[in-house]
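S.K.: Quick note, the sequences are listed as chains A, B and C, same order.
If you're matching positions, the first sequence starts at 13 in our numbering and goes up one per residue.
If you're matching positions, the second sequence starts at 117 in our numbering and goes up one per residue.
If you're matching positions, the third sequence starts at 6 in our numbering and goes up one per residue.
Hints were generated in silico from the structure; no laboratory data involved.
Hints may contain errors.
[What the hints assert, rightly or not] Below 16 Å or equal to it, Euclidean Cα-Cα: the simulated EDC-like pairs (lysine to aspartate or glutamate) are:
1. A:K215 - A:D227
2. B:K121 - C:D275
3. A:K319 - A:E47
4. C:K43 - C:E209
5. A:K73 - B:D243
6. A:K104 - A:E85
Treat the numbers as computed from the prediction; the structure is a model and nothing was measured.
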Amino acid sequence: MSRLLEVEDLQVSFKTYGGEVKAVRGVDFYLNQGEVLAVVGESGCGKSVTAQSIMGLLPKKVSRIKGGSVTFEGEEILGLPKKQMQAIKGSKIGLISQDPMTSLNPTMMVGKQIAEVIKKHTDIAKNQIKVRVIELLAMVGLPNPEQRYSQYPHELSGGMRQRVLIAMAISCDPQLIIADEPTTALDVTIQAQILDLLKDLQKSLDTSIMIITHDLGVVAEVAQRVAVMYAGVIVESGTVEEIFENPDHPYTWGLLNSIPKYGSGEKDRLIPIQGSPPDLFAPPTGCPFAARCEYAMEICVQEMPDKKRTSETHHARCWLNDPRAPLVKDLISAGRAE
Amino acid sequence: MYIIKRFFTMLVTIWVITTLTFIIMHSIPGDPFASDADVLPEEVLENMRAKYNLDEPLPVQYLLYLKNLVMLDLGPSIQSETRDVNTLIADGFPASALLGIQSLVIALIFGLILGIVAALNHNGIIDYLSMAFAIIGISIPSFILAPLLIKYFAVDWGLFPVASWGTWLHTVLPSLALATAPLAIVARFMRSSMLEVMNQNYIKTADAKGLSTTGIVIKHGVRNALIPVISFIGPLAAFLLTGTFVIEKIFAIPGIGKYFVDSIFNRDFPVILGTTIFFSTILIITLFLVDISYRIVDPRIKLTSKGD
Amino acid sequence: MIERSNDNVLFRPIDRSRFNQEELVRPSLSQWKETVLKIVKNKLAVLGLILLVVITFFAIFGPHMVSYSYSDQSLTTRNLPPSSDHWFGTDALGRDMWARTWYGARISLTIGVAAAVIDLILGLLVGGISGYMAGRGKIGDRVDSILMRIVEILYGIPYLLVVILLLVVMEPGLWTIILALSITGWVGMARIVRGQILQLKEQEYVSAAQKLGTPHRKIIWRHLFPNMIGIIIVNLTFTIPQAIFAESFLSFIGLGVQAPIASWGTMANDALGVILTGQWWRLFFPGFLISLTMFAFNVFGDGLQDALDPQAKD
Ligand SMILES: Nc1ncnc2c1ncn2[C@@H]1O[C@H](COP(=O)(O)OP(=O)(O)OP(=O)(O)O)[C@@H](O)[C@H]1O
Ligand SMILES: [Mg+2]
């Protein structure tokens, strides 16, 4: 498997009235060809900002990439000239955005909005573009694709709009699809359909997907690997099995505890993580999760833990994995975890 | 259906303003011929009163006026024996319409360009300069600006004729004087509309599609930002219309605006009544057309629903 | 760097109570303080406010600073340019322009403020009743729809034309102008107030208060009014200059205050003929002051609007 995308030590800040928001503070992850990577984390932890930095979509005036690199197909694409980046966006990397309700131009027919991408990146003959768009609309499971072509976004439901956005993202056979919470804004039954669609498309088109979500159920369903993000850093990453069966970070434990488990005989409680993420204006010097961590130690507030490798694919940033740290079960028996 | 409903509202509005105008005009105590009463014999006065239907009771006068109005007859003038209100309007309309439309076009084209450029240069030097220009343009009333234009461009530098009407050169200064404030208003309006649109998610989508910046700005930005501006043309037309009163007066342009101001000065009530109704009708029709075209341009609003 | 010898200490569980203390909440300013701060930060808005204060100051004290009154005519001092004696020069009747200009400021500001306040009261009444009654059973909806039908029709009438008509038939004067301006001016305010109330009524706390049977008066004063003050003030900063502008426009076409009373509009009208003869001060002072007042209100109003807009960009 070859590397398709590699993000290293990405740092992004925003200028705001209140000062500098350090939204992304050294993010590392990679994505192999044909793989589905899920990036999970609470709202506001910097998932969308990471995705936007990869695609060069950050608002230029207020944002600043402070460091790091993004390598796509072996080429550095961070800070690529506008023209070259435009050739990649929409053609090699497709984006499915977080909010289908507002992500389509309300005064342009949806078909035209897809046709635009094809016209820009391919040399399909003009009269064939519409045929191709209708084909795409059918592919993403929209009924009556011919009629849909000339409808406006407000005439479609949220799920249909998301399908249109998916059609748009896959219209030029991209190597990578970045799906930013593709199901968050939809209701449950539609969520499942959209996920199935993404899974099918990934197989049939043989692309890679970076799917952003805060729903571990989604992760288990579609992804092979997971990166857990917290307050602008990846705190743990690994294969789905590693993360679900052998998580190394208390934040991941918390996330796993907060999904409802079915079929385990008794009704498990849903345990939300107490507290809220740190202020990104002045992020703590130590581990950002320390303040909410039941196992926090003195060192956690003083120094950011390094990436610690437990397998070829499994990394975590947590002092508990340090050999000097006490065992977690001792901490628990000491009455720490209630 | 919306258009029909809207059309009837328009008719009602025109009727209300006609009635209102009529009542206001006839609430003045006294006789418009009072000043002539000393010099003219009683029979002549009677004749004149009959000519203007003043010998009838008020409700009858009102109905007669409405009847004539439906037949597009606005009645005679008191000041002028030969020219009734219809002739007056027919005389003045071409000049006023040219002036108004020319100014509207100037205001829209340059206002839109200025607003778009400013928005794209948000918080940059061009943005500040355009907005400085806009705020100054809004602050200076046209009746202050017009004399200044005359003084410099016509008298001191001799670039344009001082006043009056005739060639196209005559139209330049009045059009500029009339267009400046609306231009500034359009620029500000377009700028904020454009800023709002460029912040929308679908602009990000367009960016993610790899479209060129110009493509994004024109096809997705400007097109959407223009829609609210359309609804703004109505008030703009009203603004221009009242503007013509002073501009035509200052530049001595033989338009309806000038006749209107003159008739106010002479207290020529039939002319005031007639021109007011004419102006209101034009404006109300403009508002109607703007409203309809707004609904046609914006696919989100259906012509069939009310959708306020 | 961390002292490695302290490892045992460092890897000891932390006393978690300290987080609670550290969890300093960002001092949340009250909405009013925040608004004021935002305005103060906006230099243009501050400039506007200062200009308004200065203009008001001179409108009050300006005429008393010279020994001439605004109406004193003098054959010997006609058309004098500005000098140490007549700071703004004199007009064709030998009247002191300084006294006239600031007296005109008084007139213009009075008209602007009075018309705007009357608009506000009428608008609050009609818009308030309409918005409050909407959705309260059959009668409520009926009241709302009748009021709104009236407003809708009045809104379609070009208001300056009506004002002109009224002025043609009424006795000219200060209060006539104010009356004429406010007869038509309240419609816009009524629409805004109604829209605002309908929006607020959707809010949970208001509907909860209604369900709990809180008396109407209390709901209006506790919940509705405080939340509308912002938009009302912003609207005032736009209706006042509008009225001032309308007054100068009307004076200019001969329907404003009558001589010898001065207003900026009548002074500009008087000066029309003489601008070409080089008596620039006749047009300059009233013209400049109208423009400056418009400018001041506009930038201050803009600043206020931005400050009150919770999602203000930039
Ligand atoms: N344009 C911006 N200006 C200022 N701050 C921003 C901007 N965009 C994002 N941020 C900040 O960056 C942080 C991360 O935002 P981001 O949108 O990446 O969160 P997210 O993980 O995608 O959350 P969600 O799950 O809600 O989508 C947030 O604290 C946010 O306030
Ligand atoms: Mg997001």
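S.K.: If a hint holds in the structure, say so; if it does not, say that too.
M.R.: Structure-based check of all given hints:
no.: 1; hint: A:K215 - A:D227; result: violated, 22 Å
no.: 2; hint: B:K121 - C:D275; result: violated, 47 Å
no.: 3; hint: A:K319 - A:E47; result: violated, 22 Å
no.: 4; hint: C:K43 - C:E209; result: violated, 28 Å
no.: 5; hint: A:K73 - B:D243; result: holds, 14 Å
no.: 6; hint: A:K104 - A:E85; result: holds, 10 Å
In this structure, the earlier hints numbered 1, 2, 3 and 4 are contradicted, and the remaining ones agree with it.
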